[in-house]
Amino acid sequence: MRALIPTWDWHTIFVAPWTTDFAIYGWIFLMGFLVCAACGLAGNYLILRRMALVGDAISHSVLPGLAIAFLAANAWRTGMAAEVNGMVDTGGQEPGMIHGFAMFTGAMVAGVVTTLMIEIIHKHTRIKQDAAIGITFSTLFALGVVLISVYADKVDLDADCVLHGEIAFVSIQPFFSLSGVEIAPASVVLMGLVAILTLGLIVVFYKELLVSSFDPGLASSMGIHAGFVHYALMCWLSVIVVSAFEAVGAILVIAMLILPGATASMLSTRFPVVLSLSLLHAAVSSILGLHLAIWLNSSTAGSMVVAGAGLFGLVWLFSPSQGLLRRWVWLRKNKRSALQAESLHPPYGC
Amino acid sequence: MTSDPNIEAVRSSSGPLSMRWTQGLSDAEIPLEIHDLTVAYHHKPVLYGVDLAIPPGKLIGVIGPNGAGKSTLIKSIMGLLPTDSGWVRLFGKPNKKNLGRVGYVPQRESVDWDFPVNVMDVVMMGRYGKLGLFRRPGKKDRSIAAACLEKVHMMPFADRQIANLSGGQQQRVFLARALAQESDLYLMDEPFAGVDAATESSIIDLLHTLRKEGKTILVVHHDLPTARNYFDMLILLNMRVVDFGPTKEVFTYEKLQKTYGGRLTILSEVADAVRQTKA
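These protein sequence lines map, in sequence, to chains A and B. Note that the first sequence covers residues 1 to 350 in our numbering. Note that the second sequence covers residues 1 to 279 in our numbering.
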């Protein structure tokens, strides 16, 4: 039994990551936080629009988009190189740029195609939306797997990495440098940009996103095109998913999309507060997850999600307005007239 | 604006009866004008060749049996549904260009009441249309929203999460939101559904106040006996406009029978209602 529990060493688990090993773990924490924050912020809108499963679908179906984008970028590059007869050195920075650009375009196209496919199946057949989602994402994901295995030599994607990613690699990545000054690992910089842009878009388009999520009819009457907002959201979601891919993989992205928002929504009924709380959830779950991963010597992203789920469980128990504990205390207090009174004053959010 | 030959043709012809109440008004004075509107779901028409022109400053009820297309009519006026033919004009302009002058009260079930917003947030949404992109609601918007909440007696609940309201209170929040839109034409889809008697009469008072201010109000209504007392004019709808005119002229046994067809239970209700009118 003892062998099943890894040794507990306070110093290695809790002190070292923030002191001697900060150069490694600092970046891992930051990356984890940025992924959770970007996913969590966007995920709030998925929850409000009852589209949590669409997030799931998109995180899977970006795969064929990525594979096709890689193939296209390769073809374009070799084509260009052939045209100029090998006079251009295609090594160095350039291919990375092309691939990076292709990757995001591919992901966005895949995101929109997924959303469109779900809607077309849902609207033109008798198949309901959840089944349509099931059909769409499994088909597209399978297509991606086929493409990757057929063109394994040309597509620099590892199916294993696509599924669960590895966040620990960020610390050994080449640094992104601006005019000679090394700033941060390249993927941290990218994820940071995506997270900041996500926050920025939410702040700038707060009204439009809120009203089109709450009442699409009212939104359209105000000249806010609900359909456009929907597809824009899906596009941006694909960008977030693709940037988070490398670090946490397709499966864990889903958890990170939904957990922060779901936890926060049990603590507040004001949307701005819910948004801030989901950021807090992102920070706490990435710190706890990091320590858990060091202790168990396990997958960091996996541990972060486990920590996030743990927070969700705690909040479910102890939430001051909707927690199980509060409900239990309330029922005990009002034992005699519990059933009667519950119909008058529901114990949720009094 | 009167140069559109189509519209002129419609209006100059003796035309459908439903167009006769706006004769002599200019385009911009007519809050709502519908011509040959057909809307179909899955190739089955719900509205068929609807012609309608509504005079300003009236409180108008839309009545008809279930599935008559009452909600569809409201939604098509709002441009929320694809139409198969015809056009809708608001104050002389195509509906999509003039929705800013329309306040909309959807059916209560059409939104998720667990949404993390409070009463004030919902009413504030009514101001978003006036704000446009990038502008945030300011002091003026907040005071307007507060005044609208006051009008529906919901100010004490301003900070309440919307799930913790009764049906009648939720309906009043929607009304306050429509008021905050400061529109000239109001479209309300069953505002009295699932509402207690006190709320119903306070909503009616509010609608009368709005009419006094010169607003036009179109209300989808389900309950025949009260329809007679609430509205200045009635639109009898069953896929087509059966009749449109002042309540006294339209609320007759023959016309209601024509609208409701052979639905016996409703017909006896109609008979009762008409008998009460005569008494």
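The hints are simulated quantities; they were obtained by calculation from the structure and are not laboratory data. One thing to keep in mind: the hints can contain errors.
Residues from chain A shown here face chain B by an in silico Cβ test under 10 Å; the list is partial [stated by the list, open to error]:
no., residue
1, 44
2, 176
3, 180
4, 205
5, 206
6, 207
7, 210
8, 213
9, 214
10, 217
11, 221
12, 223
13, 268
14, 269
15, 273
16, 274
All residues carry an ideal CB built from backbone N, CA and C; glycine is no exception.
Next on the checklist: Using the nearest Cβ pair, does residue 210 (chain A) come within less than 10 Å of chain B?
Outcome noted: holds (7 Å)
Next on the checklist: Is the interface hint satisfied for residue 180 (chain A)? The criterion is a beta-carbon contact with chain B at less than 10 Å.
Outcome noted: With a closest approach of 37 Å, the residue 180 (chain A) hint is violated.
Checklist entry - Measuring from the C-beta of residue 44 (chain A) to each C-beta in chain B, is the shortest one below 10 Å? => result holds (9 Å)
Next on the checklist: Less than 10 Å between beta-carbons is the criterion; does residue 223 (chain A) satisfy it with respect to chain B?
Outcome noted: Holds - the Cβ of residue 223 (chain A) comes within 10 Å of chain B, reaching about 7 Å at its closest.
Checklist entry - Does the CB of residue 221 (chain A) sit less than 10 Å away from some CB of chain B? => result This interface hint holds because 5 Å falls under the 10 Å limit.
Checklist entry - Taking the closest Cβ pair, is residue 176 (chain A) under 10 Å from chain B? => result violated (31 Å)
Next on the checklist: Take the shortest C-beta to C-beta distance between residue 268 (chain A) and chain B; is it under 10 Å?
Outcome noted: holds (7 Å)
Checklist entry - Under the criterion of a CB-CB separation shorter than 10 Å, is residue 207 (chain A) in contact with chain B as hinted? => result holds (5 Å)
Item to check | Interface restraint verdict for residue 214 (chain A) against chain B (beta-carbon cut-off 10 Å) | outcome: holds (5 Å)
Checklist entry - Is the interface hint for residue 269 (chain A) satisfied, with its Cβ closer than 10 Å to some Cβ of chain B? => result holds (4 Å)
Checklist entry - With 10 Å as the cut and Cβ atoms as the points, is residue 206 (chain A) at the interface with chain B? => result holds (8 Å)
Next on the checklist: Can you verify the interface hint for residue 274 (chain A): is its Cβ closer than 10 Å to any Cβ in chain B?
Outcome noted: holds (5 Å)
Hint compliance for this structure: hints 2, 3 are not met, and every other hint is.
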